[in-house]
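J.: Take a look at the letters that make up each chain.
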Amino acid sequence: MSAAHALALDGVSKQYAGGVTALHDVSVAVATGDQVAVTGASGSGKTTLLTILGTLERPTAGTVSVAGRPLTDASDRNLAGLRAHRIGFVFQAFHLQEALTALDNVATGMLYTGRHLRDRRSAAREALDRVGLAHRLSHRPTQLSGGERQRVAIARALAKRPEIILADEPTGNLDSHAGTQVIELLHELAGDGATLVLITHDPAIAATFPRQIHMRDGEIVDDGL
Amino acid sequence: MTSLAHPDRTPSEDLARLPLAELAWASLQGLRSRKLRAALSALGIAIGIGAMVSVVGVSSSAQANLLAEIDRLGTNLLTVAPGQSFTGNTEVLPTTATRMIGGMSHVRSAAAVYQLTTGVVLRTPYVPSEETGGIGVDAAQDDLPEVMGTTMASGHFLDRVSNRYPEVVLGAQAAQTLELEQVGHHLMVDLNGTWFTVIGVMRSAALDTTLDDTAFISLPVAERLFGQQPDPSEIYVRSDQDDVIGVSNLLAATANPQDPSGVVVTRPSDALKARAAAKGQFTTLLLGLGAVALLVGAIGIANIMVISVLERRGEIGLRRALGARRIHVSAQFLTESALLAALGAIAGLGLGAGATAIYAVAQHEPFVVPTYALIVAPLGGFLIGAIAGLYPAMKAARLSPTEALRA
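Quick note, the sequences are listed as chains D and R, same order. Mapping of the first sequence onto this note's numbering: residues 1 to 225, in sequence order. Mapping of the second sequence onto this note's numbering: residues 226 to 632, in sequence order.
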């Protein structure tokens, strides 16, 4: 696995308690700066793949390397550090905090980097400006449209300038117009050099990606290369 | 955006960190997003702390009141009384004792009372003479109230006229027993078969409450009535404030130079101070009730936090995805719980102080809440909250981030 690979899995399997096999002997590498769509039916292992790439879960077998670091011997502390500094997540359900303004929701994205509030807010302001929400800083999630909420979530993932962006069905809760805008935004922001891995079951969205990985029953049936 | 790659980062810079100020910020946001629930769950702690603060405050106020009373009455009053002899008989103070003491340096004034053991005060002659109501009869000099620091509830004390005519002054309790609390209607009492006019009623003598149960007549009248000059049964002495101990040491020898050991000298304010100290002790039962309320409050907070962990699974998963370590998640829940209880305790402090203020105003006592309560209450609340939050915090930290995100 070369350092040019932002993400690399080698012979990775994931079994859950009760014997469910979510991933079976998956090997795949994503080069730094690549933009990859992962497609497949429900239960094909897409989300499990993403949580393992995002260091939220460890594989049952196989090796993982993220940002050029093999994770086999990494402590939970090191994995949390990787997530805090180098990985940005975007979820289908947004996971915004209702009580916080858009600005503070984005600032929370950098909470575990050790940066102070003033610093985090200024980065958050910049990130919201980039996603076109400079006029929505003090709005709460309930005052925003679905598309705007997802853009706040994208700003939260990107404000710390991560090397890797992992998005799980980010358009799943949006209408097609807002969905298209969100995908364009992700392409644009990741175009600055970040590696983007996005899960979708929408072929039209997958088609906008230069590389598409297709999964079925916990295995990669087409790695898009 | 500039380059996103950071090849110059060292591994130590890659650790997830949560500075204390940021932890406090996140915890306050957590509480702010559930204001009503936070307020309700802090109520238990507020009631517990409030009960305890008001118990401490009320007893401190009562104590401060007594101490103020002692200050007003003065601590420079000494009493001289006959003691008991070696064989158990009551000694006798010489009739010259009052004059001798009055001549001492650093003694401002001295007044004696003379107990008339055979005196009986009755409302009318038709009352059986056994029913004295515990009222004793003393002969007294006209400067007694002044030396005792006591004032009159009505009428006036014995004066020169009283030396010739049968006039009586009643102590506060004696007047109450005889139901003669107001003077002015030529009220009479029957004293050993002679009608005496009541010319005054005293207020309670806080420094020696035995005087309250007493009827006072003048010394010349007593001598005429009982046919003998009585011996002083108690001499009250006011010394200079700075020489109380010195005067006290000399009193016995001055009162009875031939037998100083037969004289007992006491300082009545010492007994009052002991009473004040006793009032300062909190009522254990009420403190116990406060502690029970605190315990219930703590359980309430633990309960709410456990529910909160379940409700906030998505948020917990998100935090883990954002780089929070397990310890960061548990620290946040612990801090929220501790802050909640500390805020409840501060509210309780206000409640308790308010209750104390109402009591103090109603009782005409000074308002006192000990300063240590201002520190101990919030700190105690914080600790109780931290303990109550321990289990929910551990539960939150153990949650799998992926499961939480799917929830």
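Calculated from the structure, these hints are not laboratory results. Keep in mind that this is a model prediction, so the values were computed, not measured. It cannot be assumed that every hint is accurate.
Some chain D residues well away from chain R (every beta-carbon gap over 12 angstroms; in silico) [claimed, not checked]: (1) L82; (2) R125; (3) G132; (4) R136; (5) A153; (6) Q181; (7) P203; (8) R211.
Facing chain D, from chain R, some residues (calculated, C-beta under 7 angstroms) [unchecked claim]: (9) D239; (10) A477; (11) A478; (12) P482; (13) G548.
A virtual CB, placed ideally from N, CA and C, is assigned to each residue, including glycine.
J.: Work down the list of hints and note, for each, if the structure agrees.
T.: We went through each hint and held it up to the structure:
Residue placement check: L82/D does not keep its beta carbon more than 12 angstroms from all beta carbons of chain R (closest about 7 angstroms). Consistency note on R125/D: stated as away from chain R, and its beta-carbon is indeed over 12 angstroms from all of that chain's, at 14 angstroms minimum. G132/D, annotated as away from the interface, keeps every beta carbon of chain R farther than 12 angstroms; the closest lies near 15 angstroms. With a minimum CB-CB distance of about 19 angstroms to chain R, R136/D clears the 12 angstroms threshold, and the non-interface call stands.
Distance to chain R contradicts A153/D as a non-interface residue, since its nearest Cβ pair spans about 10 angstroms, not more than 12 angstroms. Residue-level check passed: Q181/D sits 19 angstroms from the nearest beta carbon of chain R, beyond 12 angstroms. With a minimum CB-CB distance of about 24 angstroms to chain R, P203/D clears the 12 angstroms threshold, and the non-interface call stands. The Cβ of R211/D lies farther than 12 angstroms from every Cβ of chain R, with a closest approach of about 19 angstroms, so its non-interface assignment holds.
Interface hint status for D239/R: upheld, as the beta-carbon distance to the closest one in chain D is roughly 4 angstroms, under 7 angstroms. Violation of the interface hint for A477/R is found here, the shortest Cβ-Cβ separation to chain D being roughly 76 angstroms, above the 7 angstroms cut-off. A least Cβ separation of about 78 angstroms between A478/R and chain D goes past the 7 angstroms threshold, and the interface hint is therefore violated. Hint status for P482/R: violated, given a least beta-carbon distance of 84 angstroms to chain D, over 7 angstroms.
With a cut of 7 angstroms, the hint placing G548/R at the interface with chain D holds, because the nearest CB-to-CB distance is about 2 angstroms.
Hints 1, 5, 10, 11 and 12 from the list above are not met by this structure, while the remaining hints are.
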